[in-house]
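Trainee: Here is what each chain is made of, one letter per residue.
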Amino acid sequence: DQQVKQNSPSLSVQEGRISILNCDYTNSMFDYFLWYKKYPAEGPTFLISISSIKDKNEDGRFTVFLNKSAKHLSLHIVPSQPGDSAVYFCAGSGNTPLVFGKGTRLSVIA
Amino acid sequence: DGGITQSPKYLFRKEGQNVTLSCEQNLNHDAMYWYRQDPGQGLRLIYYSQIVNDFQKGDIAEGYSVSREKKESFPLTVTSAQKNPTAFYLCASSIDSGPRRTKYFGPGTRLTVT
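Each protein sequence line maps, in turn, to chains A and B.
Take 466 as the starting number for the first sequence in my numbering and just add one per residue.
Take 1217 as the starting number for the second sequence in my numbering and just add one per residue.
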């Protein structure tokens, strides 16, 4: 039972354009969501989070949108840069430890 | 610099041997976690500890054991009972175990068992 789904294993975007990474969840108890970025052979690093009482959170080039009724969230990166090329994990949390999706590999092409 | 240290970066073992992965943090965090990552998979929780001398099983605890004798240290032992031990292992910590607490990850240990 996959509680957090990232249905796109990979995404390629031109430098300077917008990257949109999507995430769906099934657990109605989740009330907090996080995005992590991971380079190969390194640990993930925290990127941005959103509480279920909000529908948007912005931090520089990164914006996360939450649609509770659709149980869907998305991460927007504008403008995309080559250094953004990494695997992005979506994670959800309720009253239990974080549950991670399988990740989406973003490639930003110069 | 505060952070999480995992050693070694790469570890090789023969099948049937137990192996212990090290995780140390100097962030003064109460909660520590062990995750496993396999190719094409997300991070799956093995064990977590909310406080010294206490730990709970995660989603895939079978074949693993942990201890938490010190706040700074949370070693993971991969036993011979673990059917598929080859994976990338990640240790994490957070200030406490509250679900909204950001987790900080170590650099990981890649374990290969042949």
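A portion of the hints provided could be inaccurate.
Pairs of lysine-lysine residues, derived as DSSO-like cross-links and limited to a Cα-Cα distance of at most 30 Å, are as follows [said to hold, decoys possible]: (1) A:LYS533 x A:LYS519; (2) A:LYS470 x B:LYS1273; (3) B:LYS1225 x B:LYS1273; (4) B:LYS1273 x A:LYS567; (5) B:LYS1225 x A:LYS567; (6) B:LYS1225 x A:LYS536; (7) A:LYS567 x B:LYS1230; (8) A:LYS470 x B:LYS1299; (9) A:LYS567 x B:LYS1299; (10) A:LYS521 x A:LYS533; (11) B:LYS1225 x B:LYS1287; (12) A:LYS567 x A:LYS519; (13) A:LYS521 x A:LYS536.
For the record, the hints were derived by calculation from the structure and aren't laboratory data.
Trainee: Each hint should be assessed against the structure and marked as holding or not.
Mentor: Hints, verified against the model:
no. : hint                  : verdict
1   : A:LYS533 x A:LYS519   : holds (9 Å)
2   : A:LYS470 x B:LYS1273  : holds (23 Å)
3   : B:LYS1225 x B:LYS1273 : holds (24 Å)
4   : B:LYS1273 x A:LYS567  : holds (21 Å)
5   : B:LYS1225 x A:LYS567  : holds (23 Å)
6   : B:LYS1225 x A:LYS536  : violated (37 Å)
7   : A:LYS567 x B:LYS1230  : holds (29 Å)
8   : A:LYS470 x B:LYS1299  : holds (26 Å)
9   : A:LYS567 x B:LYS1299  : holds (21 Å)
10  : A:LYS521 x A:LYS533   : holds (11 Å)
11  : B:LYS1225 x B:LYS1287 : holds (22 Å)
12  : A:LYS567 x A:LYS519   : holds (24 Å)
13  : A:LYS521 x A:LYS536   : holds (14 Å)
This entry does not satisfy hint 6, going by the numbered hints stated previously; all others are met.
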